[in-house]
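For the protein sequence lines, the chains are A and B, in the order given.
Mapping of the first sequence onto our numbering: residues 1 to 256, in sequence order.
Mapping of the second sequence onto our numbering: residues 1001 to 1256, in sequence order.
Treat each hint with caution, since some may be false.
As the list claims (entries may be wrong) - Taking lysine-lysine pairs in the DSSO-like style, the calculated list, with each CA pair at most 30 angstroms apart, reads: (1) A:LYS201 / B:LYS1068; (2) B:LYS1068 / B:LYS1203; (3) B:LYS1207 / A:LYS68; (4) A:LYS201 / A:LYS9; (5) A:LYS68 / A:LYS203; (6) A:LYS9 / A:LYS68; (7) A:LYS207 / B:LYS1068; (8) A:LYS203 / A:LYS9; (9) B:LYS1009 / B:LYS1207; (10) B:LYS1068 / B:LYS1201; (11) A:LYS68 / B:LYS1201; (12) B:LYS1201 / B:LYS1009.
Just so you know, these hints were derived from the structure itself, not from any lab.
Number of protein chains: 2
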Amino acid sequence: MRYALVGGKRLRGYLVLESAALFGIAADQALAAAAAVEALHAYSLVHDDLPAMDDDDLRRGRPTVHVKWDEATAILAGDALQTLAFELLTDPALGPAERRLALVRGLALAAGAEGMVLGQALDIAAETTATPLTLAEITALQNGKTGALIRFSAEAGALIAGEDPAPLRAYANALGLAFQIHDDVLDVTGDAALTGKRVGKDKDAGKATFVSLLGLEGAQARARALIDEAEAALAPYGARAGNLIEAARFTITRNA
Amino acid sequence: MRYALVGGKRLRGYLVLESAALFGIAADQALAAAAAVEALHAYSLVHDDLPAMDDDDLRRGRPTVHVKWDEATAILAGDALQTLAFELLTDPALGPAERRLALVRGLALAAGAEGMVLGQALDIAAETTATPLTLAEITALQNGKTGALIRFSAEAGALIAGEDPAPLRAYANALGLAFQIHDDVLDVTGDAALTGKRVGKDKDAGKATFVSLLGLEGAQARARALIDEAEAALAPYGARAGNLIEAARFTITRNA
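Just need the whole structure built from these sequences, with the hints factored in.
The structure is reproduced here in structure tokens:
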């Protein structure tokens, strides 16, 4: 479990801390929620990397959990990381019970059969169908697979503060899609030594991606437009949103 | 997910409803928690049955999920069943936020790396070691693997009611161990047509079980003594505990 948590960008945890900071919530009052989204994300990576799923042997520059240990260990470590995520959200430091419960509910909706797991199931189903996905289908798939947890992470600060999460949701919707478009760009332009995972996999598999549908330049332009949208959504917070705007820009300039 | 939830004994959900009834909590106020423990239990069965784990093809009289569909579907269905369990515990019908949060925390502790998943990991590790487990080791393993969730189920009614769960914990500790001893008895004496799962597997694998360590009669006697203990623990509730006592007796007379 510890191995699977080490070495990521921790973008989701950062979104929790920064969205909380918007409302004057100190880091130590949001830290358990940041850890929860990182644990939830790590669980999804460990399971997605399994041979029966995406069958990846490299993640964050190191062997994946089932390669380092074995499949049973990877299944159980992922299972327990998901459990840990919900346990962390009960931490009293996160504030009143009503708000912690809103976090539990929000994470469950983002992670479950109508969120992240649905996206992953659609992604696997797409691999066995003859017709490549359309742009609308890939957008819907990614909205679940990566969008839902990024959205929850950005909304978490508002939930902890008991404030309206709507501007953060708009920010995260644009950010999440840009994030996935840039992942597809990195699969084409990236270097495994930097990304810490295999590149060229989607192209080799003949999978429809944002790059195969929009072209490399079209995909990059779309990602930039989405980041402008994400920034605009944060206007209500003025200068306080500087770090979240910085995080959005990083999302489409990162090389890992 | 639906397929994996159908056809079980629903002992754990029954324990939730009956422990709640002890304190005058109506079924509709405890139902979401009963559904949650059944979803959590179903997730654990789907994952335990996977080829990389116990590699079972028959469960509740039907093909296991990875046989009926495939491994990726079984991993994802199990993952989403765990998420669903935590989502269900946020149901407002379960009462004040503070108590629902206690349920979330209790389920997470029972299910995670120091509870059910630990037990399953120890069980898998035991299969690859040359020395059979001792009675103390098997007891500790089963305390996590099946005991933790049975304990949470029996305590859940007290958590919903905001009452002391100590008598129910003592009841469930004895019940959970008796349950597992009887599972080992059924692995020797049972009929796959009735149990709905393969029998004789542990014996064929040369695994240490309560039966291999205590003998068939010794194991049955130990289970009976534990059920007496479980009944005695419920003395504070008097006649109201009739159904829970009945459930305890059923635990060691069931043929499935």
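How the hints compare with the structure:
no., hint, in the structure
1, A:LYS201 / B:LYS1068, "holds (29 angstroms)"
2, B:LYS1068 / B:LYS1203, "holds (26 angstroms)"
3, B:LYS1207 / A:LYS68, "holds (26 angstroms)"
4, A:LYS201 / A:LYS9, "holds (21 angstroms)"
5, A:LYS68 / A:LYS203, "holds (27 angstroms)"
6, A:LYS9 / A:LYS68, "holds (21 angstroms)"
7, A:LYS207 / B:LYS1068, "holds (26 angstroms)"
8, A:LYS203 / A:LYS9, "holds (24 angstroms)"
9, B:LYS1009 / B:LYS1207, "holds (26 angstroms)"
10, B:LYS1068 / B:LYS1201, "holds (21 angstroms)"
11, A:LYS68 / B:LYS1201, "holds (29 angstroms)"
12, B:LYS1201 / B:LYS1009, "holds (21 angstroms)"
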